[in-house]
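K.L.:
So you can see what is in the structure, the chains are spelled out below.
Protein chains: 2
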Amino acid sequence: MEQTYFSSNFRLGILGGGQLGKMMLYTTRKWDIQTYVMDDAETAPAFEGSTVFFVGDIMNYDAVMEMGEQVDVLTIEIENVNVQALQDLEDKGIAVSPSASVLNLIRNKSRQKEFYRSQNIPTSPFETYDSPKKDHGREFPFIWKSAEGGYDGKGVKVIRNQDDLKELPEQPCLYEDMIDFDLELAVIVARNASGEMKTYPVVEMEFHPEANQVEYVLCPARISDDISNKAREVALKVSEAFNHVGLLAVEMFLTKDGEILVNEVAPRPHNSGHYSIEGSMTDQFEQHIRCVCNLPLGDTESVISSVMVNLVGEENHTGDVIYDGIEEILSMPGVTPHIYGKKQTRPFRKMGHVTIVNKDINEARKIAEEVKKKIRVIAAE
Amino acid sequence: MEQTYFSSNFRLGILGGGQLGKMMLYTTRKWDIQTYVMDDAETAPAFEGSTVFFVGDIMNYDAVMEMGEQVDVLTIEIENVNVQALQDLEDKGIAVSPSASVLNLIRNKSRQKEFYRSQNIPTSPFETYDSPKKDHGREFPFIWKSAEGGYDGKGVKVIRNQDDLKELPEQPCLYEDMIDFDLELAVIVARNASGEMKTYPVVEMEFHPEANQVEYVLCPARISDDISNKAREVALKVSEAFNHVGLLAVEMFLTKDGEILVNEVAPRPHNSGHYSIEGSMTDQFEQHIRCVCNLPLGDTESVISSVMVNLVGEENHTGDVIYDGIEEILSMPGVTPHIYGKKQTRPFRKMGHVTIVNKDINEARKIAEEVKKKIRVIAAE
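So the sequence lines, in the order shown, correspond to chains G and L. In case it helps, the working numbering puts the first sequence at residues 306 to 686. In case it helps, the working numbering puts the second sequence at residues 306 to 686.
One or more hints might be untrue.
With a straight-line cut-off of 30 Å between C-alpha atoms, the simulated DSSO-like cross-links for lysine-lysine are [to be verified]: (1) K671/G / K561/G; (2) K438/L / K535/L; (3) K542/G / K450/G; (4) K679/G / K503/L; (5) K561/L / K671/L; (6) K503/G / K503/L; (7) K679/L / K503/G; (8) K503/L / K664/G; (9) K677/L / K503/G; (10) K671/L / K664/G; (11) K664/G / K678/G; (12) K655/G / K462/G; (13) K503/L / K671/G; (14) K535/G / K561/G; (15) K503/G / K678/L; (16) K664/G / K535/L; (17) K655/G / K671/G; (18) K471/L / K438/L; (19) K462/G / K397/G; (20) K535/L / K439/L; (21) K503/L / K561/L; (22) K459/L / K678/L; (23) K648/L / K664/L; (24) K397/G / K439/G; (25) K503/G / K438/G; (26) K471/G / K503/G; (27) K664/L / K671/G; (28) K678/L / K664/G; (29) K503/G / K664/L; (30) K471/L / K459/L; (31) K678/G / K678/L; (32) K677/G / K503/L; (33) K677/G / K561/G; (34) K535/G / K459/L.
I should point out that these hints are in silico values taken from the structure, not numbers from a laboratory. Given the structure is predicted, the values throughout are model-derived calculations rather than measurements.
Make the full structure from the sequences, and use the hints.
P.N.:
Right, dumping it as structure tokens:
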């Protein structure tokens with residue numbers, strides 16, 4: 306009698322023990338899948354709940370190889386890992402998802418954009434450079450992006466005039482047109498090694514104006530069925546083009562002309578899918594594990610409408626974290642806070658999120674605003 | 306700035322590390338609540354996910370005191386714990402829920418039934434004895450129950466004639482009338498220390514004819530609103546009568562005359578509430594933690610109809626467990642297996658459960674039967 310994934314001999318590995326790794330462990334605990342996690346300290350959110358926790362640097366070749374050789378399936382919760390090690394583990398027969406080649410494509414924003422162009426995937430007009438170019442002929446304002454190392458709004462700037470260019474670091478980058486968009490949307494695509502594919506409903510992202518981080522995610526997005534279908538089709542095309550295994554979160558602009566343009570992708574569970582824990586038939590973390598273990602995909606449809614609010618550290622607060630007002634929001638129906646377990650807060654650090662479910666998406670959005678007013682992530686005095 | 310439950314100084318303790326303890330940890334991980342768990346071996350389902358795991362016998366006074374003195378709030382996942390230790394911990398100011406007095410009442414089925422009689426809570430006619438009585442004057446068949454130690458159908462027998470009495474152990478017991486019931490129902494009541502109370506919808510339990518274990522749980526029960534309201538009222542009355550803090554699962558008979566009779570109760574999350582992880586606005590494990598930590602209660606209503614199927618060990622199978630067919634049921638929409646992580650199976654041992662959600666309860670019930678046919682908990686050869 307053979308048993309693969311639900312056997313006590315099977316080992317899953319996750320590189321990165323932040324909140325995404327932690328939320329993957331909800332499923333590995335539910336299914337009793339033995340899971341090895343690596344991050345740089347035992348204070349990482351995914352320490353508890355892991356079967357074996359490796360203290361190590363996921364950018365370090367030897368560290369990744371050491372853990373990777375002990376697992377059957379290896380995945381990531383963040384793109385900044387040692388890709389050479391992933392390549393070598395693949396060559397040794399470990400099932401690595403996302404693959405080294407996909408990570409190489411995605412981690413470099415210039416390569417990612419060139420890839421969209423080559424695959425006829427709609428994206429905003431852009432040009433790539435080895436270093437910031439003064440003589441660019443592009444209309445102001447436009448967007449500068451560092452080719453590598455950007456995360457959560459770092460490595461991205463609006464360039465308003467020629468002077469702004471002087472402050473940029475001398476490194477590979479791209480300039481792209483600033484898009485006059487109506488909405489920012491995202492679609493999560495699930496794909497397993499057998500090629501089974503499903504998309505989650507289109508979500509709408511509202512960004513915090515200063516932090517350039519997602520503030521609210523609404524599922525479903527308040528758009529027409531036509532736009533929704535178009536967005537899901539584009540997302541499927543992107544996942545197929547990458548021949549990607551796992552979740553792929555595809556962030557998009559909906560332009561004022563009703564056009565869908567792919568902005569960027571993440572090859573893993575994503576902030577835009579956190580609502581799915583409470584809102585979906587199958588949550589994104591379970592779905593990611595289904596994908597990387599080549600299990601049948603779960604139903605991606607929603608059971609109820611939902612809004613997700615990120616809990617980020619307040620400005621001017623650094624130190625031991627306090628979730629001021631959390632007991633108050635627990636008394637609001639349909640409101641579920643998630644606390645990642647980071648001991649220290651700092652301005653705009655992602656410390657948790659709150660999901661608000663309601664039969665009516667507009668009502669959920671209203672409650673989300675109430676939640677936002679009542680809870681504050683601050684530092685103890 | 307004060308913070309109680311969501312503070313890094315707060316400790317929750319759980320006596321018992323089986324599947325119920327394990328599923329409570331889903332919430333403590335979600336909320337980053339540091340949780341101490343005690344059970345007799347590190348192979349217990351709740352080992353992973355606990356902050357600190359104590360290897361110890363929860364029936365042992367010293368063991369319970371040792372862990373109990375290190376936590377702020379102490380709860381249980383099973384009634385068979387050292388109650389004297391709980392009493393002494395309460396006296397030292399630890400918030401213990403359920404209380405020692407409630408456990409003393411509930412753990413003894415004779416005392417439990419006498420309590421219902423004294424509180425005018427409807428229950429089947431019965432008599433209690435210090436040992437099985439030959440001269441009882443009760444019509445056959447009737448039910449014999451051992452006053453203490455019964456669990457999952459042990460300590461319960463149908464007495465069909467005077468000869469059956471000879472096989473009974475010489476210990477305190479009760480005889481009760483066999484009820485000609487239509488359905489077995491259950492209502493979970495949540496109550497926190499502030500006295501806030503909520504009931505979950507009425508569920509319907511279908512029992513396995515041989516194992517005397519719940520085979521299917523349907524939420525909502527297929528009954529009229531009148532019966533449903535009556536059952537919820539009776540359940541509230543029971544929780545109030547006990548002055549109980551935590552979840553109280555109230556099992557009931559719906560007689561052929563439409564009467565509700567309380568059968569027995571469990572002062573903790575219960576098999577009849579497992580569906581709530583997928584089916585409810587707030588799952589029963591989160592709700593129990595809200596109760597014992599005196600947090601506001603969550604919404605108990607369902608987001609979708611659901612049926613829960615227990616995964617128990619097949620007859621004639623003892624040894625290393627295999628979940629035959631699990632990958633097949635994963636491809637069925639709305640089907641979520643939960644694997645408790647017990648390494649060894651034996652006949653009728655609870656090894657996991659499967660939740661089936663669907664907009665239509667009758668459709669969910671049909672799919673549940675398919676699931677039951679496809680998955681088998683067997684031993685490796």
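K.L.:
Look at each hint and say if it fits the structure.
P.N.:
Results for each hint:
no. : hint            : in the structure
1   : K671/G / K561/G : holds (25 Å)
2   : K438/L / K535/L : violated (35 Å)
3   : K542/G / K450/G : holds (24 Å)
4   : K679/G / K503/L : holds (24 Å)
5   : K561/L / K671/L : holds (25 Å)
6   : K503/G / K503/L : violated (38 Å)
7   : K679/L / K503/G : holds (24 Å)
8   : K503/L / K664/G : holds (21 Å)
9   : K677/L / K503/G : holds (26 Å)
10  : K671/L / K664/G : holds (26 Å)
11  : K664/G / K678/G : holds (22 Å)
12  : K655/G / K462/G : holds (21 Å)
13  : K503/L / K671/G : holds (25 Å)
14  : K535/G / K561/G : holds (15 Å)
15  : K503/G / K678/L : holds (27 Å)
16  : K664/G / K535/L : holds (27 Å)
17  : K655/G / K671/G : holds (22 Å)
18  : K471/L / K438/L : holds (10 Å)
19  : K462/G / K397/G : violated (41 Å)
20  : K535/L / K439/L : violated (37 Å)
21  : K503/L / K561/L : holds (28 Å)
22  : K459/L / K678/L : holds (26 Å)
23  : K648/L / K664/L : violated (35 Å)
24  : K397/G / K439/G : violated (46 Å)
25  : K503/G / K438/G : violated (41 Å)
26  : K471/G / K503/G : violated (45 Å)
27  : K664/L / K671/G : holds (26 Å)
28  : K678/L / K664/G : violated (34 Å)
29  : K503/G / K664/L : holds (21 Å)
30  : K471/L / K459/L : holds (17 Å)
31  : K678/G / K678/L : violated (50 Å)
32  : K677/G / K503/L : holds (26 Å)
33  : K677/G / K561/G : holds (29 Å)
34  : K535/G / K459/L : violated (59 Å)
The structure is inconsistent with the numbered hints 2, 6, 19, 20, 23, 24, 25, 26, 28, 31, 34, although it conforms to all the rest.
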